[in-house]
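Student: Chains as they are written, first to last, in the working numbering: chain A, 9 to 624; chain B, 9 to 624.
Simulated from the structure, these hints should not be mistaken for lab results.
Errors might be hidden in some of the hints.
It does not matter which identical chain is meant; a pair holds if it fits inside one copy or across any two.
Pairs of lysine to any residue residues, derived as SDA-like cross-links and limited to a Cα-Cα distance of at most 25 Å, are as follows [said to hold, decoys possible]:
{"#": "1", "residue 1": "K437", "residue 2": "G587"}
{"#": "2", "residue 1": "K384", "residue 2": "F197"}
{"#": "3", "residue 1": "K88", "residue 2": "E528"}
{"#": "4", "residue 1": "K575", "residue 2": "A478"}
{"#": "5", "residue 1": "K481", "residue 2": "K575"}
{"#": "6", "residue 1": "K585", "residue 2": "F476"}
{"#": "7", "residue 1": "K44", "residue 2": "L474"}
{"#": "8", "residue 1": "K481", "residue 2": "V36"}
Here the structure is a predicted model, which means the values were calculated and not measured.
There are 2 protein chains.
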Amino acid sequence: MGNVDYVYPSANVESSHRVAIPPPQPFVTTLKNSMKETFFPDDPLRQFKNQPTSRKFVLGLQYVLPIFEWGPRYTLEFLKSDLVSGITIASLAIPQGISYAKLANLPPILGLYSSFIPPLVYAMMGSSRDLAVGTVAVASLLTASMLGAEVNATENPTLYLHLAFTATFFAGVFQALLGLLRLGFIVDFLSHATIVGFMAGAATVVCLQQLKGILGLEHFTRGTDIISVMRSVFGQTHKWRWESGVLGCCFLFFLLVTRYFSQRKPKFFWISAMAPLTSVILGSVLVYITHAEKHGVQVIGELKKGFQDRSHHRRDSSRRRNSSRRSFSMFKNYHIDGNKEMIAFGMMNIAGSCTSCYLTTGPFSRSAVNYNAGCKTAVSNIVMAIAVMFTLLFLTPLFHYTPLVVLSAIIIAAMLGLINYQEAIHLWKVDKFDFVVCMSAYIGVVFGSVEIGLVLAVAISVMRVLLFVARPKTFTLGNVPNSMAYRNTEQYTNASNVPGILILEIDAPIYFANSNYLRERIKRWIDEEEDRKNLQGKVACNMSYSIWPLLGAQALALANPGSEVMKKMNKSELIEKIGQEWIFLTVGEAVGACNFMLHTTKPDLVKEEQGTWNNV
Amino acid sequence: MGNVDYVYPSANVESSHRVAIPPPQPFVTTLKNSMKETFFPDDPLRQFKNQPTSRKFVLGLQYVLPIFEWGPRYTLEFLKSDLVSGITIASLAIPQGISYAKLANLPPILGLYSSFIPPLVYAMMGSSRDLAVGTVAVASLLTASMLGAEVNATENPTLYLHLAFTATFFAGVFQALLGLLRLGFIVDFLSHATIVGFMAGAATVVCLQQLKGILGLEHFTRGTDIISVMRSVFGQTHKWRWESGVLGCCFLFFLLVTRYFSQRKPKFFWISAMAPLTSVILGSVLVYITHAEKHGVQVIGELKKGFQDRSHHRRDSSRRRNSSRRSFSMFKNYHIDGNKEMIAFGMMNIAGSCTSCYLTTGPFSRSAVNYNAGCKTAVSNIVMAIAVMFTLLFLTPLFHYTPLVVLSAIIIAAMLGLINYQEAIHLWKVDKFDFVVCMSAYIGVVFGSVEIGLVLAVAISVMRVLLFVARPKTFTLGNVPNSMAYRNTEQYTNASNVPGILILEIDAPIYFANSNYLRERIKRWIDEEEDRKNLQGKVACNMSYSIWPLLGAQALALANPGSEVMKKMNKSELIEKIGQEWIFLTVGEAVGACNFMLHTTKPDLVKEEQGTWNNV
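Build the full structure now, drawing on both the sequences and the hints.
Tutor: Pasting the structure below:
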């Protein structure tokens, strides 16, 4: 731009800055590129390029089973760290596993099984170093509500159990397929705000369900919405058991205090990590001594109750998983391939469903503990699995006297951490619409059901994406003082309009879904300009994708059209229609040319642009 | 930019070009603005501003009933034009109306009724001057296939008839509601390519159905897919009636020749417009003279057959309607409010359903004839309605001898015009993916059913929009020789990279749905640059919406972030994190600063950017 003046001198300077039409490429190349961008944006096979076959084999093995990559580099130093973190997460996994299995209406021992085989599979196939495998509350609740709609868990426990395994199996197949087909990006369509709302809603629902355990109620509504639960709770106040309530509140207080302390002093993370197991032990000892099980405090009882063997679940937690993996890898600065992880999770659940496990994933809270405990590799998962195995072999009788109310307290404490009210406040500050979306998902879950909330969250997210596309921002540009730059006049309040020229910018690519809107919106910009008697016949458009007839405007100049626009305009012979001389490299040049025209030609000589461009 | 040099001199020049944070606006204002942009992009109430109450009332009346706007300005000159065009479209409406009613399995006279009341309603409420109201083949076929799935039209004609009226009524309510709620933009999500494919497919299906009439078959498959039809046709070759076939082919040839002639010489548009009526008259006379009805040529018979009275339909044709209205208004350069038209169509169908009409809309072909015949206002619709009324009152007995085969020929001739093969070729040339979309919709309709094709078309369109958002283009910028402009190196092959600096541009706003992809894609850009040993620690990002941590890059500069980005970065205190001094007005300034840094500081002194930005 340096040597192009504001007042446009002649046509031959501009020809040196001609807007390029991108070189034509064969259809196959274009298709290949766009497929690659769609399904392999991170180019996972880049490392295989220009390698000998033997190396390719090793790399391939390492790609499928990352354990072969970090295994050879494993040191005793690492083992020490992994041992500590593995035992820490095991102490969390055991009480949580039992609690969540109860939540899913499954035998409690399934929670322990689910912390045994799946972590081993993940340790071989997963690429995250910090992720701790286990069951999660929301998936457990969904299992209970979806399977419960088909089969009553107490009346027909065997069928219910088999259904749960089948659901886990198909969830695994589904996850593995999504990963293999590189469709993991689908979860990106769930916006952060909807996830915050949905998770908080699900956590609230789970907490509400725990009122049954805390108050020692025997009959409880099967609905999950707040209204049914409240009616059920306050409809039988005479059946509340104070022993149970007091015990529950004490443990909940203990858990919350330890967590608060650990949050304040991250070095003592193990205090909050050990708290659930401590509660279980304390609670069991207390019941054993006082025989409270005979005074209205329900206990787990025999842990090993009949079952063996395989089930449909939802993928809502995958996004969260995804996000938990991503945030940790971001801290440690290594790359996670979401689709590959999807495959690892799928294999984990397929293997799990064949070994009496139900749905497992990588819960954020436990992964955070793992990270804080200083884990180095996925060996921490192996350590956890071994610790759980020992528990299964030798310690199950100890859980006989564990009061259910302690499990409820553990669940509530974990769930309260999922209600991310700070994030909701942040959303309110940064983007009000996001806040509304978040609250809708929350209210959908709490007042409707988890399924309604899920559908609502997905529908709002997709609608929002569609609205984004349908209504791109357009704004007028003005000259920023002391520069050649033209910028949004709303953002730069000191930018000045160029008299007689309307400079528009479209802040998004133009697709078929917004071309009609943009046509009308630009028409309105021109009408409004004319109302102000400001427009003498020129419009300079700074657009990045396309062009269409500007009704009423007397001339149209394009500045910096993108390669797609130039390609399409070239193929539809629109460049000739507009005139190559009206397409500029920069807004400055376009404005210069318009100014030159304005001051040298009569208005009625200015050429009129009319044409149809329906095919975007 | 003029006084800013390529080599960056000091920090105080840049401060004069500081990127502005848009002035804060109260939430209510923002909400109001975004609601207005979403639902009232064309600002239909702008004319009411600053007007006295009486004028507002007049404007309001004119807004709701446009007839009050153009009525007072109506001249005899206009009437002359409208008379000619009205009679022309009536001569087309009568035979087509009868034919399409047959296609919908409804009594033929309903086709005439539907060209009587709805045009009168539209003449009052519609804003298009060229649109001719009437029934269309695709909607008729859909009516037949959707109602046919519930009720057999020959076994239970009264119920079928009532269902058709009910469908029309609810279609009208649905249209009016869409318009009132300003949701007309929903139809924009059907891409042009899918509509071309869908319409061609529907036209093919309609043509295939006409083989029954042409070949004089009495039994015919109820399926609409090509395989069932072909099996039905070739499974009863012994029942083909040559008399019927010969007659049909002759009339089809006549219709196609007249249309070809009129297309070549637009002045003789009336030849092709009159051809259908001529065929009907010729055919009827021929049958009357030769008594061909006793030799296998089926005739309409008694036109007035029992019915009185009210019905659910699909909105697929609304987009086409929309597009037909828009293209004509574009030629005559006046504004059409799509949502207002939606209301007019809805009222027309609600009124129609109460007066024995079935679904009407603004068929493109008839509107084109209306336009070519030189219509000036909606009075041409009134003229057509009167002509149809005369036909209903005095001429119905004439249709007794009209052979069905002529109606089939008329339908086929009209349908062949809907198969827009030139557009398909154009799509192939301009955008291969659009072509694939178009063919999928076509194949879905022809080999599946109209419903399958419709669902396929909508699904493909929405998926495409979602993909557009999920995978925005990113590209590297280079310096265009002899200018200060930085442009896409793929488009401008002569643009040169700045050594040691990677300049990225993101060609779309950043939403939650693409932020993960962009993070990974940018990571890959940086990795690839590092492989080439080209990157010494600087990334200049030309982005319009957001920012996120650039793993591995040693410094990050932002050029020209949009107002939304600045607002969000400000609110999340990210500006301080990046440093106001690393945000630039132009790419040139950012590159200058990076270069200055590169040449004056050691690489390990370059500040590192790390941060989380999940909340887009």
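Student: Determine which of the earlier numbered hints do not hold for this structure and return their numbers in increasing order.
Tutor: Of the numbered hints given earlier, those the structure breaks are 2, 3, 6, listed in rising order.
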